[in-house]
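Q: This is what each chain is made of:
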Amino acid sequence: MSISEVIELVSAFVLIFAIMQIFSDRLYFSVKTYAVQSFFLTLSISTIAVYSGFADLYITALLTFIIKVVLIPFLLFKLIDKIGIKREIEPFININYSLLITGVLVLFSFFLTQKVHISGEVVAREVFPISIAIILIGIFIMISRKKAITQILGFLTLENGIMLAGTSITKGMPFIVEIGIFFDVFVGALMAGIMIYQIRTSFQDIDTDKLSSLKE
Amino acid sequence: MYFILIVSTLALAVSIYTLNYLEEFKNKSLFAFLYTSFIASIILVVISFNAFTFLISWEIMSVLSFFLVIFEYKNEENKKSGFIYILMTHLGTAFIILSFLIMFINTGSLDFKDWFSADISTTAKFWAFIFALIGFGTKAGIFPLHIWLPKAHPVAPSNVSALMSGVMIKTAIYMLVRYYFEFLTDIPWWFGFIVLLIGSVSALLGVMYALSQHNLKRLLAYHSIENIGIILMGIGSSMLFVSNGMPVSAGFALLAALFHTYNHALFKGLLFLGAGSVLFKTHTKDMEKYGGLIKLMPLTSLFFIIGSISISALPPFNGFVSEWFTYQSLLLNTKININTVQIFVPIFASMLALTGAFAAACFVKVIGISFLGHPRSEESRNATEVGLFMLTGMGILAVLCIIFGIFPVEVAGVISKAIEPLTGINIANDISSHGGFILTSTDYHFGRISPLGLLIAGIIFAVGIFVLIKLFGNSKVRKYETWKCGLDEVNPKAQYSATGFSQPIKKIFAVLYKPVEKIVSVENKLKYFLPEKKYEVHLSDVFELLITKITDRFLSFLLWIRNIFQIGIIHIYLGFISLTLTILLIYVVWFSGGGN
Amino acid sequence: MENLTIGLIQFFILVAISPLIKGFIHKVKCYLRGQKCASIWQGYRDIYKLLKKEIVLSSDASWISKVAPYIVLISTLITASFLPVFNSHTLLSFTGDIIAFVYVLALGTFFLALYGMDQGSAFGGLGSSREMTIAALAEPALMMVIFTFALQTGTTNISEIFAKIHQAGFSQFPISSVFALMALLIIALAENGRMPVDNPETHLELTMVHEAMILEASGRDLALFEISSWIKLTLFLTLASNIFVPFGLYNETTFVSVILGIVFFLIKIFLFAIPIALVEISMAKLRFFRVPDLMTFGFVLALISLVVYYL
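Residue numbers (my numbering), protein chains in the order written: chain A, 47 to 262; chain B, 746 to 1341; chain C, 52 to 362.
Derived by calculation from the structure, the hints in this document are not laboratory data.
Since this is a predicted model, take the numbers as computed values, not measurements.
Check each hint, because a few of them may be wrong.
Only some residues are given here: those of chain A computed to face chain C with a beta carbon under 8 Å [what the hints assert, rightly or not]:
hint, residue
1, L55
2, A58
3, F69
4, I126
5, I141
6, N142
7, L146
8, V152
Listed below are several chain A residues computed to face chain C (Cβ distance under 7 Å; list not exhaustive) [to be verified]:
hint, residue
9, E54
10, P137
11, V150
12, L153
For glycine and all other residues, C-beta sits at the position ideal for the given N, C-alpha and C.
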C-alpha cells in the first residue's frame, strides 16, 4: 500500500464516524463518536507528517489529539452531566431519512469533485470528496438537530472536515493558520458550552428551536 | 405465440379447477358463457394484427372481465369495485387510443405491420411512449395507476381473479413489449430508464402494501403489482441495452422479463386458486379468521406453500430463476457507460432485493396465519379438503412451478424463440452451456446457477443428515402441548395475528400507510372488571388517497364552473346560447376564412 | 479428484469449526468481562447432548415442524459448500453464485420463520415477525455490498470473486473496501441475530428474536437449528475475512500449501471473530425500532462504497 492509500483509508474512517454521528440518538454516544472521529483525523495527519517530515505537522497532530480527542469531549461530557439531558429525542428530520440524505450528500460531493482540478502537489486525491462530504454532513447535523450540544458537534465535525482537507490533500496549511484554528475551535467550544448552560438554566431545555421565542 | 402458450397453460388449469368451483354460484350457465368468452377474448387481443381489431377485442376483454368481477352483483362492495375497475380501464383505453392515433398520424396505417420500426420524430416517439405506458400501465397495474387492481381482484370469483391476474394484465405487458421493441426502435436511453424506475417503484410499493393486508385475495392482488414491477424492470433494462446497441444483453434481459411473465402466470394462478379453495370452504376472505388449515386441507396447503415459495423467489422453484435473470441483467446494465445508469441501477437492484425479502416476509405471514397454528374461527374449524378437480387444477400449476424451477434452460430455449424476432438474436446458445443444466451468460462471464444441482445437493445433504441422526441421535418423539407460559387455558386468540405480524413494518414505513391506530374501550358492563378494550388500526393506500384527492379537486373545479353558468334563470341560458352562436360565427368568419 | 478432495476438506472444516467459533466468541466476551466461562469446546458438547435427547413435539404441530429443521440445516450446508474457504476449488461452486448464496440462505430463514408460526404459540409468531422484518431490511444492504464486489471483479461467481481479489490484493480500492467492510459487519450482526440487534444469550420475551422462533424446538431439532445458526455466522465471517484480508495461498493445490492455507484461514477467522465479541460487550441491545436506522446506516455505507468504486 502506498502512502496515499493509507491516508485515504484513514480518512474513509473519519467519514464513517461522521455518518455514525447522524445515526446516534444519544448525546454521550455522539460525543464518543466525535472523539473517535478526531482520533482518525489525528492518524491521518500523523501519516502525512511521517510522509513529508515537516515538524509542524507533528505538532498539529499532537494538538489535534490533545484538543479534539481529549479536551473537547471531556468538556462536553461534563456539560451533559451538568445539564442532565442525555438524548436527542425528536430531531427535525428522523434518523432514517437523515441517513438517506447523508448518503445523497456523499454521492453529491463525489460527483461534484469529479471534475475539480487541484493545482499543486496532491498527496491523496480521494480525500478531497471525503472532506467535502464531512463538511456537508457537519452542516446537515447543525440543520437537522434540535439540541444545542448536537449542533456544536455538527460544527466540530464540519471543522474536522476542513482540517482533513487542509492537511491531507496537500502537505498541510501554514502553521500559524492551524494554531489559529485550534485556538478558535477550542474557545468556541468552551463558549458554546457556557452558553448552553445558560440556555438550560433559563429555558429548562436545550432545544434550540425554543430560542425562536426570543425574537420579539 | 408465446403469450398464447401462457394463456392456454393457465386457462387449462383454471378450467379444470372451475369444474368444482362452480358449485359456489347460482347462475352457472351465465358464468360458463362469460368465462369461456373471456378466455377467447384474451386470445383475440394477443393475435390481433391491426389497431382496430386490437381495440375492439381489448374492449370485449375489459367488459367481459367487468361482468365477471361483478358476478356476485348482490354485494354492494362488488358493484363499487367493479365501477372503479371499468372507470380505470376506460381511462387506460383512452390513452391507448391516443397512442395509437399518434402512430396512425405518423405512419398513415392502422396495421401493426406498418408500424414496425416506424420512422417518426423523437417528440412523437416520446408521446407515443408515454401514452402507451399510461394506457397499458393502467391495465397492468403500475404505480400509481394500480388502484383498481386491489379492489377488483378480491371481489371477482377466485378462478376469474386467477385468470385476470395471471393472464389479462399480461396482455398489457405483451403490447408494451411489442410497442417498445417492434414499433419504437432507436429510442434514447432514458426511455428504458423510466420503465426501469417505474418497475422498481411498483415492485417495492406493491409488496409493501401487500404486507399490510389481511384480506387474502387483496394481498395477492397487490403482489400482482409487485410482479408486474419486476417484469417491467426486465423490460426496462432490456430497453437500455437496445438503445446502447448491445443486442445479446438485451435479449437476456427480455428473457428475464418474459420468463417472469410466465412464472407469474403460474404461481399467481396457483395462489389465487389456493385462496379460492380456502374461500370455498371457509366463506371468508379475512385472514384473521383462518388458522390450522394445514391439517384440514393438507393438499391445498401443500400447493399453496409451493406457490408461496415460488413467488418469494426462493430456490429451487421457478420464481428464483427469473429473478436471478433479472439481477444478472441489472448487473450487466452497469456495463453501459452512462453514470446515471451505473449509479442508479444497483440501487434498483437493492430495491429488488428488498422486494424479494418483503415478499418472503409476506408469505410467511400468509402461511403462518392461515395454514399453521390453531383455527381462529368456527368456519375454519369445519373446513375440509376440496374436490378432486380443484386439486387437479392446482396440482398442474404446482408441478409446472417445480419443473420450470428445475429445468429452466429448456424453458429459456422456448422463450428465446419468441425473443428472436424482437432483438434479432437467438440467445439460447449464449445462456446455456456445460451439459445443458447450467445457466450462464457466456458473453460477459457474470455468473451461473444450476437449480438442478442445487436440488440434488439438497437431497444428498438431506440423506446425509438423516443417516447421521439415525446413527447417533435419539429418534424418540413425544407429543405434548405447546408451552403457554404456564397458563392452562387454550385460546386460539392468543396466537400471533396477521395485523401483529406486519406491525413492525407498518410502523417503520408509516409514511406509506398513514396508519390510524386507536384503542376503543367497549362499555364497562361488569363493575369489578377492567373495561374491555379493542384495538383497531386502519391503513390506507397513500396513492389511492392522492388520486381521490386529485379527482376530488377536479370535480369540485367542474362544479365551481357549473355553478357560475347554471344560475337557474332561463333568460340567461338563452343568452348563453346566443352568445355561443355569435362567438362561433365570429370565429368562422374571421379566423378560418369564412365561406371562401 | 484433487479438487473434489479439497472441496470436501473445505466444507468439513467450515462445518467443524463453527461450534468452536461460537465458543471462542463467548470466551472472549467472558474474558473481557472478567467472568469464568465454559470451555470453548462447549458447542460440541451441547450438540451431542441435544442429539441424545428425545424430541417433545407440540401436539398442534404439522409436518412443517418436522421438515423445517432439516431444510434450515440443508440450506446453510448448501451455501457452505458454495463458499471457498481457503482454496478456490469448492464443492459446489458450479451450482450457484453469490446471488444464489443469498437466496438459499433466505430459504432457510423462510422455513425457520414458518417453524416459529407452526405451533400456534404467541412467542413463535413474535419471533417470526421480527426475524422477517430484520432479514428484509438487511437484504438491500447485503445486495449492495455484493454488487460492489461483483462489479469490481466482473463476476458473481464466489470462487472467481475471491480469486480476483486475491490476485489484486487489498489495495485496489481501499476506500470502497473499508465502507463495504463496515456495511458487511452491520449486516452480519443483523443476519445472525448478534448483539445490537438480537441477544443470543437470553430468553427474555421482550427482546428475543431468533430464540423466540425456536422456543418450541427440543432434542435433535434444536441441535439442528443451533448448528445451522453457528454455521451461518461462520459463513459470514469467512466471507468477510476472505474478501478483506485476501492473503494466503489461494490457487495452489499442493499438500503443503493446503495445510498452510488452513492455518492462515484459522488465524484470519479468529481475528474476525474478535470484533464481534467487542461490539457485543460494548453495546446495549438496540430498541427494536432503532434497528431500521442501523440497517439504513449499513445501506448508506454500502452505497458509498459502490459510488467510490465508480468515481
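Q: For each hint given before, does the structure comply? Return the numbers of the non-compliant ones in rising order.
A: Hint check: 4, 10, 11 fail, others pass.
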